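Residue-level listing of the chains:
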Amino acid sequence: MSLRARGATLLIGLFVSTSVLAHAMLDRSAPPVGSSVKSSPARVELWFTQPLEPAFSSVKVLDGGGRQVDRGDSTVDSVDAAHLLISVPALPSGRYRVVWRAISADTHVTEGDFTFDVAP
Amino acid sequence: MEHSSPRVTALDPALRVGCVARRFRAVRRPLATTAAVIAAIGAGGADLASAHGFAGKRFFPATLATDDPFVADELSLPTVARRRTEDNGSSTTETSASIDFSKRITRDFGLGAGATWLRLEPSGGTRVQGWDNFALSAKYQFLKSDPDETIISVGVDADLGSTGASRVGAESFSTITPTFFVGHGFGSLPDDMRLLRPFAITGSVGIGVPTRTSSSSLDEDGNAVTEQHPSVLKFGFALEYSLGYLHSFVKDVGLSGALRNAVPIVEVALQRPINRGGGPTTGTINPGILFPGRTMQFGIEAVIPVNGHTGGGTGVLLQLHFFLDDLLPRSLGKPLIGD
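Chains as they are written, first to last, in the working numbering: chain A, 203 to 322; chain B, 590 to 928.
Accuracy of the hints is not assured; some may be wrong.
EDC-like mimics (lysine to aspartate or glutamate), calculated; alpha carbons at most 16 Å apart, straight line [as the list claims (entries may be wrong)]:
(1) B:K840 <-> B:D781
(2) A:K262 <-> A:E247
(3) A:K262 <-> A:D282
(4) B:K840 <-> A:D315
(5) B:K840 <-> B:D780
(6) B:K840 <-> A:D229
(7) A:K262 <-> A:E313
(8) B:K840 <-> A:D319
(9) A:K262 <-> A:D315
Per the computed footprint, the stretches of chain A lying under chain B, defined by three or more beta-carbons under 8 Å from a beta-carbon of chain B, are [stated by the list, open to error]:
(10) 235-248
(11) 309-315
These are calculated hints, taken from the structure and not from any lab test. Here the structure is a predicted model, which is why all the values come from computation and not from measurement. Each residue gets a CB set at the ideal place from its N, CA and C atoms; glycine is no exception.
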């Protein structure tokens, strides 16, 4: 590898090694963002790029009509503060919207939503 | 013998990116303690929403060749460009390295300063190098809509005449450019078009008005030469597709590493003289990719002449950009007045 190529690799690696921005952005979820699952999950889980402030970070799950269908027990994992989860009852087939609000430990607020489908 | 020749600039506008690479961003709040955060939120008076480059779910990365609509604390160090240009059949390789610094005075108003070092290498000629004119700017962000992922600002840029080296083409006069900026994300597209939601566009339009309409000098034969300095319409846009937005809000397609949050982008930067002899539209199309990180961003673009009037060959543009509000949240990274 040439010196220039090594330099470029090092530079890109510098950015890859850091999560995007200093804000709590959604890194991944279960069910995955935009996915279709064969059966209802027992809970919806979200992993963020930053630890969250538990008292002010939350998630809810809405059905296609906008009605909240989760069990209302949104919580930040006591072991992994970047892990936000909520349990849901057995969901019939359809499209569900997950709406979250996250406040990172450095006070940045981020909000977002995504959908997943429970297949018929 | 006296003759006139319209002139926009002696240098390739694509290499003047340092003057437009400033990024203005919205507010953030430094951390005191978690208890203070809880107290602030509990009191209901804390405005914690938003941070640099955000409008709702949308994060607008710093663009390289065109300016964007945010007020922010930021530093581009360096922005490096290299391209071969042509003028009347002669070829010159132009290299520039710029530094740009922007500072919020209030939450929505910021000032900026920039400097560009230039090296011109004419084919078969003598290489010259030096500083281009220094630039100052001001910008006011007067609209931000989170649901619409939209930000609109107005600003003015001043290239200060005679502050650079004439041997590299630095003008002896100043140019004042009032500019209108807008940024919009497409997150509100309907569900059947959701894969297009990660798209966003930023753009600007301004008119560069020289403080002197013409200059006179003597050519090599001792003849008087009058050079016209037209006002110039400057417009550009950046079309970007945020893979981070795709993964977080639309569909996790499983990309990993640098690509997971990368932003493929195409920038178009154009200018057209509008009086005093005028001239054709010139500019460049810059396809590239940005890698936003926690406190900094790396970007690289190709610089392609938009038409034959622009001339020259394909060049390259690179930038290392620092988010000062994340790097230094309690000092340089916050507004001087208010929060």
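Each hint tested on the structure:
1. Of the pairs offered as hints, the one joining K840 (chain B) and D781 (chain B) holds, with about 13 Å between alpha carbons and a cut-off of 16 Å not exceeded.
2. Straight-line distance between C-alpha atoms of K262 (chain A) and E247 (chain A) comes to about 11 Å, which keeps the hinted pair within the 16 Å bound.
3. In summary, the hint linking K262 (chain A) to D282 (chain A) is not supported, as the alpha carbons are separated by about 19 Å, beyond the 16 Å threshold.
4. Restraint check: the Cα-Cα separation between K840 (chain B) and D315 (chain A) comes to about 11 Å, which is no more than 16 Å; the hinted pair holds.
5. Distance restraint check for K840 (chain B) and D780 (chain B): the Cα-Cα separation of roughly 12 Å lies within the 16 Å cut-off, and the hinted pair is therefore satisfied.
6. Under the criterion of a C-alpha separation no larger than 16 Å, the hint pairing K840 (chain B) with D229 (chain A) is consistent with the structure, at around 12 Å.
7. Restraint check for K262 (chain A) and E313 (chain A): the C-alpha separation of about 12 Å stays at or below 16 Å, so the hint holds.
8. At roughly 12 Å between alpha-carbon atoms, K840 (chain B) and D319 (chain A) fall within 16 Å of each other, so this suggested pair holds.
9. Restraint check for K262 (chain A) and D315 (chain A): the C-alpha separation of about 10 Å stays at or below 16 Å, so the hint holds.
10. Restraint check on the region 235-248 of chain A versus chain B: 3 residues with Cβ-Cβ distances below 8 Å, three needed, restraint holds.
11. A count of 7 residues in the region 309-315 of chain A with a Cβ less than 8 Å from any Cβ of chain B is obtained; the coverage claim is therefore met, three being the minimum.
In this structure, the one hint that does not hold is number 3.
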